[in-house]
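Number of protein chains: 2
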Amino acid sequence: MPQLGLLHGRAWAVLFGQLRRPPGAVCIRAVHSHSQGTRDLSPQQMVVREKILDMVVSCFKRHGAKGLDTPAFELKETLTEKYGEDSGLIYDLKDQGGELLSLRYDLTVPFARYLAMNKVKKMKRYHVGKVWRRESPTIAQGRYREFCQCDFDIAGQFDPMIPDAECLKIMCEILSGLQLGDFLIKVNDRRILDGIFAVCGVPESKFHAICSSVDKLDKMSWKDVRHEMVAKKGLAAEIADRIGDYVQCHGGVSLVKQMFQDPRLSQNKQALEGLGDLKLLFEYLTLFGIAEKISFDLSLARGLDYYTGVIYEAVLLQTPAHAEEEPLNVGSVAAGGRYDGLVGMFDPKGHNVPCVGLSIGVERIFSIVEQRMKTFGEKIRTTETQVFVATPQKNFLQERLKLIAELWDAGIKAELMYKNNPKLLTQLHYCENMGIPLVVIIGEQELKEGVIKLRSVASREEVAITRENLVAEIQKRLSES
Amino acid sequence: MPQLGLLHGRAWAVLFGQLRRPPGAVCIRAVHSHSQGTRDLSPQQMVVREKILDMVVSCFKRHGAKGLDTPAFELKETLTEKYGEDSGLIYDLKDQGGELLSLRYDLTVPFARYLAMNKVKKMKRYHVGKVWRRESPTIAQGRYREFCQCDFDIAGQFDPMIPDAECLKIMCEILSGLQLGDFLIKVNDRRILDGIFAVCGVPESKFHAICSSVDKLDKMSWKDVRHEMVAKKGLAAEIADRIGDYVQCHGGVSLVKQMFQDPRLSQNKQALEGLGDLKLLFEYLTLFGIAEKISFDLSLARGLDYYTGVIYEAVLLQTPAHAEEEPLNVGSVAAGGRYDGLVGMFDPKGHNVPCVGLSIGVERIFSIVEQRMKTFGEKIRTTETQVFVATPQKNFLQERLKLIAELWDAGIKAELMYKNNPKLLTQLHYCENMGIPLVVIIGEQELKEGVIKLRSVASREEVAITRENLVAEIQKRLSES
Numbered sequence: 001m002p003q004l005g006l007l008h009g010r011a012w013a014v015l016f017g018q019l020r021r022p023p024g025a026v027c028i029r030a031v032h033s034h035s036q037g038t039r040d041l042s043p044q045q046m047v048v049r050e051k052i053l054d055m056v057v058s059c060f061k062r063h064g065a066k067g068l069d070t071p072a073f074e075l076k077e078t079l080t081e082k083y084g085e086d087s088g089l090i091y092d093l094k095d096q097g098g099e100l101l102s103l104r105y106d107l108t109v110p111f112a113r114y115l116a117m118n119k120v121k122k123m124k125r126y127h128v129g130k131v132w133r134r135e136s137p138t139i140a141q142g143r144y145r146e147f148c149q150c151d152f153d154i155a156g157q158f159d160p161m162i163p164d165a166e167c168l169k170i171m172c173e174i175l176s177g178l179q180l181g182d183f184l185i186k187v188n189d190r191r192i193l194d195g196i197f198a199v200c201g202v203p204e205s206k207f208h209a210i211c212s213s214v215d216k217l218d219k220m221s222w223k224d225v226r227h228e229m230v231a232k233k234g235l236a237a238e239i240a241d242r243i244g245d246y247v248q249c250h251g252g253v254s255l256v257k258q259m260f261q262d263p264r265l266s267q268n269k270q271a272l273e274g275l276g277d278l279k280l281l282f283e284y285l286t287l288f289g290i291a292e293k294i295s296f297d298l299s300l301a302r303g304l305d306y307y308t309g310v311i312y313e314a315v316l317l318q319t320p321a322h323a324e325e326e327p328l329n330v331g332s333v334a335a336g337g338r339y340d341g342l343v344g345m346f347d348p349k350g351h352n353v354p355c356v357g358l359s360i361g362v363e364r365i366f367s368i369v370e371q372r373m374k375t376f377g378e379k380i381r382t383t384e385t386q387v388f389v390a391t392p393q394k395n396f397l398q399e400r401l402k403l404i405a406e407l408w409d410a411g412i413k414a415e416l417m418y419k420n421n422p423k424l425l426t427q428l429h430y431c432e433n434m435g436i437p438l439v440v441i442i443g444e445q446e447l448k449e450g451v452i453k454l455r456s457v458a459s460r461e462e463v464a465i466t467r468e469n470l471v472a473e474i475q476k477r478l479s480e481s
Numbered sequence: 001m002p003q004l005g006l007l008h009g010r011a012w013a014v015l016f017g018q019l020r021r022p023p024g025a026v027c028i029r030a031v032h033s034h035s036q037g038t039r040d041l042s043p044q045q046m047v048v049r050e051k052i053l054d055m056v057v058s059c060f061k062r063h064g065a066k067g068l069d070t071p072a073f074e075l076k077e078t079l080t081e082k083y084g085e086d087s088g089l090i091y092d093l094k095d096q097g098g099e100l101l102s103l104r105y106d107l108t109v110p111f112a113r114y115l116a117m118n119k120v121k122k123m124k125r126y127h128v129g130k131v132w133r134r135e136s137p138t139i140a141q142g143r144y145r146e147f148c149q150c151d152f153d154i155a156g157q158f159d160p161m162i163p164d165a166e167c168l169k170i171m172c173e174i175l176s177g178l179q180l181g182d183f184l185i186k187v188n189d190r191r192i193l194d195g196i197f198a199v200c201g202v203p204e205s206k207f208h209a210i211c212s213s214v215d216k217l218d219k220m221s222w223k224d225v226r227h228e229m230v231a232k233k234g235l236a237a238e239i240a241d242r243i244g245d246y247v248q249c250h251g252g253v254s255l256v257k258q259m260f261q262d263p264r265l266s267q268n269k270q271a272l273e274g275l276g277d278l279k280l281l282f283e284y285l286t287l288f289g290i291a292e293k294i295s296f297d298l299s300l301a302r303g304l305d306y307y308t309g310v311i312y313e314a315v316l317l318q319t320p321a322h323a324e325e326e327p328l329n330v331g332s333v334a335a336g337g338r339y340d341g342l343v344g345m346f347d348p349k350g351h352n353v354p355c356v357g358l359s360i361g362v363e364r365i366f367s368i369v370e371q372r373m374k375t376f377g378e379k380i381r382t383t384e385t386q387v388f389v390a391t392p393q394k395n396f397l398q399e400r401l402k403l404i405a406e407l408w409d410a411g412i413k414a415e416l417m418y419k420n421n422p423k424l425l426t427q428l429h430y431c432e433n434m435g436i437p438l439v440v441i442i443g444e445q446e447l448k449e450g451v452i453k454l455r456s457v458a459s460r461e462e463v464a465i466t467r468e469n470l471v472a473e474i475q476k477r478l479s480e481s
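Protein chains in written order, with our numbering: chain A, 1 to 481; chain B, 1 to 481.
Here chain A stands alone, though its shape is the one from the complex:
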């Protein structure tokens, strides 16, 4: 018996578990589950996911992006000092000798590391991959510790706001294409925020901390955020009030023009740069036909340290159109911005490559689409099987195996029952349940006559076809349907 003081957390849990186990329950071994905050994706979920990812990737390719893949873990130092207050959420690997490693927290930092390491000065790439964050798992809100991100980024020195406008166009194309209901993209600029902090009198050492507070305005009221600034972050109340006057503003391009006239902000060089870029951005967005989807929102701050210019975040404005669906709070579904200083952090000489990009939060989109399909009772086929090879007779396994090999070799998606003597009804039921459209049936009579019966599962019609013509006939039927 170990001393109580030496019991670590796990041992306590075991003891506690034994105490709480109801009398009579015998537990030979524990049920293994996946780890907290992660999940398995069932075949149904995989089908939904595959459709959404296909749609996202085809949009990225439409905009000329190349694919790129990076390892799941990076050197720990690569991730250090990139994520501000969120750095505590990084998963570290155990030191088992060798390098100190961490699971990637996003796809942006590995991309910047790749650019610096390979001295790439210009690249438009997409990356679909998992990232890991040690968040408190609140799965009801679609927050996981392992989740998939779809990123598109443009690296390179270009004329201002052209790549930035394309990123917003891509977000619009994807969100419209997925038919998630109405959406809005909030836009702001880190330089405008810094300008506001400066003209309001925030000490420069507090810019990051105050920026983090502003970032909470999508979840907290201004009153609570103001309280945090004053009580927790030691800001003078009158400075907080001045900030409040700004960060509660949002509007279209007219707000940009209004801010240009603002007596205090127009004195700040950084803010003017940001406002100038936003004005240009709105011009391009108008040419792209998406300006009405964009809102200049001074409360948008984005949590991550590495942004240096324009930032944006797409939010769904309402739950999908139909009133009978349960409302689902999904918040932001895509976000991004400009990070001109990140690549330089990885380059031995500090050479920078300006970058702008976006990330689609597909997990939230999965939840919405899944919920919608449940509401409408949509049935999803989890296999693509086209033909089932069946028999009404006993001892026909050999014939079935020969026949199905012919189908597979012709590229036809086919299944059979892994039994020597299955019942015909069981075989036909399986086809109906799985949505398999065609059945080929071989029995004694067919063998004698040198034919195969081809049955349509939907109409239950059967026709006899010679063995030589079977593959061609199946291919014809499949191409028609």
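Incorrect hints may have been included.
Any copy will do: because identical chains look the same in the list, a pair fits if it lies in one copy or spans two.
[Stated by the list, open to error] Calculated lysine to aspartate or glutamate pairs in the DMTMM-like style (CA-CA distance at most 20 angstroms, straight line): (1) Lys-94 with Glu-135; (2) Lys-394 with Asp-159; (3) Lys-94 with Glu-77; (4) Lys-61 with Glu-432; (5) Lys-419 with Glu-283; (6) Lys-402 with Glu-283; (7) Lys-423 with Asp-159; (8) Lys-423 with Asp-409; (9) Lys-453 with Glu-283; (10) Lys-476 with Glu-461; (11) Lys-206 with Glu-228; (12) Lys-76 with Asp-92; (13) Lys-122 with Glu-384.
Keep in mind the hints are simulated off the structure, nothing from the lab. Predicted, not measured: the structure shown is a model, and the values here were computed from it.
Use these hints to put chain B onto chain A, whose structure you have.
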């Protein structure tokens, strides 16, 4: 200055690095790289990978498999005692509070955990995903610490050898389809191996250790394996010699029949079961038309603990056909077997679900295909862009942006230069370099006449097309090419 005794590996490396740095070299900060034994995949590599994975997945779908995804990490206890001597290669996550986690070592154990956790008794699934092993990275041989596996498994209680035969058929279809040259699939059965060990006089406590030695016969001579058995694992020399008589045998179905007649082996119940199943397997493989690709090889042992019946491994017989290519030692490219006891290890009541499956070692296949493409100087397009929007004039950015948005909205893959005033020659060169087939050109004259010039990059022919007809004309051209 820390005491020398307190310096850990990293600090030593820094000191050592400073000593070795050539005079005059100034290093402001380190070049960040990916971690040892992992790699980034460049856009070229991604194109090759995507083609290979598409081909593998379409084969899995042809055989009726559903998709499934599991998290990158599992509870540490889920992976414990599954991998025999290789358990030391598992990556653990740092204990940051909460559960003890490990990165998955393969896709098989998470699949078995999924089946038990969800009480699934029958399932045919595929899974393409990364796995992680702390191997000594010998990248020259295509061995990485992070690599992709493509798994197909059939779970359920069925009549013997039908799913097993389908697994071998799938391996043949994939290896033939990828045109990797000639290949052979070695087949054996764990029960036959155990039978051999028993009749040769190996104590049962040494079965696993001796099986691990036999497993090395693909890399070591019998002499060296025998030495390991006798000197390191304490086996009597005459027992080792008896084993040697068996494990050096390989052949077709005739060897199965010969083993049935073997005076010692035919006395062992387990071996007889294995031989009976192999006989049946060969029958089915003949019906599938692949028997000549299969070799009954008594030296095949497979490293993993969880196999309980038939096991198999596909090896390439020669480097790709052409003599001018450098030879590449790739060893086994696919493997698998039957594991009837694994699911029960995760079920609270120990209920088992028999399983059989296979895993395609795609990293090695990537190396071969990449090598082949290099040898033949094949050029790979890394983007799918169909149309480039160009201008010969200054101040035409607005028109270009309007035009490209029209193309994107019509689903056409299009790019433009992110510059206000790019040179026409630069724009056309880019199209040639990137293999973009079409260019639309808009300038003053076109704007005045209400037309767009459509240029074929290959033929350099240009025609004027009215703006209204542009999308339709582009779609027509693309569908013809």
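To see whether the hints hold, each was checked on the structure:
no.	hint	result
1	Lys-94 with Glu-135	both (19 angstroms within a copy, 16 angstroms between copies)
2	Lys-394 with Asp-159	between (74 angstroms within a copy, 14 angstroms between copies)
3	Lys-94 with Glu-77	both (15 angstroms within a copy, 16 angstroms between copies)
4	Lys-61 with Glu-432	between (37 angstroms within a copy, 18 angstroms between copies)
5	Lys-419 with Glu-283	between (67 angstroms within a copy, 15 angstroms between copies)
6	Lys-402 with Glu-283	between (65 angstroms within a copy, 11 angstroms between copies)
7	Lys-423 with Asp-159	between (70 angstroms within a copy, 14 angstroms between copies)
8	Lys-423 with Asp-409	neither (26 angstroms within a copy, 52 angstroms between copies)
9	Lys-453 with Glu-283	neither (65 angstroms within a copy, 25 angstroms between copies)
10	Lys-476 with Glu-461	within (16 angstroms within a copy, 39 angstroms between copies)
11	Lys-206 with Glu-228	within (13 angstroms within a copy, 66 angstroms between copies)
12	Lys-76 with Asp-92	both (7 angstroms within a copy, 15 angstroms between copies)
13	Lys-122 with Glu-384	between (40 angstroms within a copy, 18 angstroms between copies)
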